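For what it's worth, this note's numbering labels the leading residue of the sequence shown as 3, then goes sequentially.
Keep in mind that the hints were calculated from the coordinates and are not lab data. Wrong hints could be hidden among the right ones.
[As the list claims (entries may be wrong)] Calculated lysine-lysine pairs in the BS3-like style (CA-CA distance at most 25 Å, straight line): (1) LYS101 to LYS82; (2) LYS71 to LYS82; (3) LYS92 to LYS116; (4) LYS71 to LYS92; (5) LYS71 to LYS123; (6) LYS101 to LYS71; (7) LYS101 to LYS137.
If you're wondering where the values come from, they're calculated on a predicted model, not measured in any experiment.
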Amino acid sequence: MSGYKNKVRIRVCGLLIEDDSLLLVELLSPITNKYIWTPPGGGVEFGESLERTVEREFQEETGIVVHPKELMHINELITKDFHAVEFFYKVERVSGELKLGSDPERKSIDQIIKNATFLSKNEIQKLDVAPVYIKESFWQDILN
C-alpha cells in the first residue's frame with residue numbers, strides 16, 4: 003500500500019444493485035490498515051477511461067462483467083499522506099457469477115480482498131463502510 007502514499011490516485015468503483023442489495027467487497031484499507039466494506043473498484047491506468055476502469059476492476063474483484071450506466075457520486079479523500087479522487091458509477095450486470103476475485107497487482111499471499119457479497123441497506127448500516135455516501139445519500143439517489 004505504500005505505493006499510494008504522497009500521490010494523487012484516481013479510482014473508479016461500481017455500484018451494482020440487485021434484489022435491493024448492493025455488492026460490496028471487504029478489503030484491507032490503505033488508510034486505516036483495517037478491513038472495511040466498499041464497492042468493487044480500483045485505480046485508473048494511464049490511457050484508460052473511467053468506464054473501462056470500472057469494467058476491468060469489477061471483473062477482477064468479483065468475476066462479474068458489468069456495463070457502467072451513470073456517474074452517481076464523486077468522493078475526494080485526503081489524509082496526511084493519502085489522496086484519492088473516487089468516481090462511483092451505477093453499473094448493470096452483463097454476465098458472470100459472483101466469486102471472490104483478486105488484485106492482479108499483488109502477489110497471491112499479499113491479497114487484500116477478503117470477501118465479496120450482496121448486502122441490504124440494513125446490513126450495510128451495521129458495517130464499517132467507505133465512503134459514508136454508501137450508508138447515507140446513496141439509497142436516496144438510487145430511488146430518484
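The hints, checked one at a time:
no. : hint             : verdict
1   : LYS101 to LYS82  : 34 Å, violated
2   : LYS71 to LYS82   : 34 Å, violated
3   : LYS92 to LYS116  : 23 Å, holds
4   : LYS71 to LYS92   : 6 Å, holds
5   : LYS71 to LYS123  : 21 Å, holds
6   : LYS101 to LYS71  : 22 Å, holds
7   : LYS101 to LYS137 : 24 Å, holds
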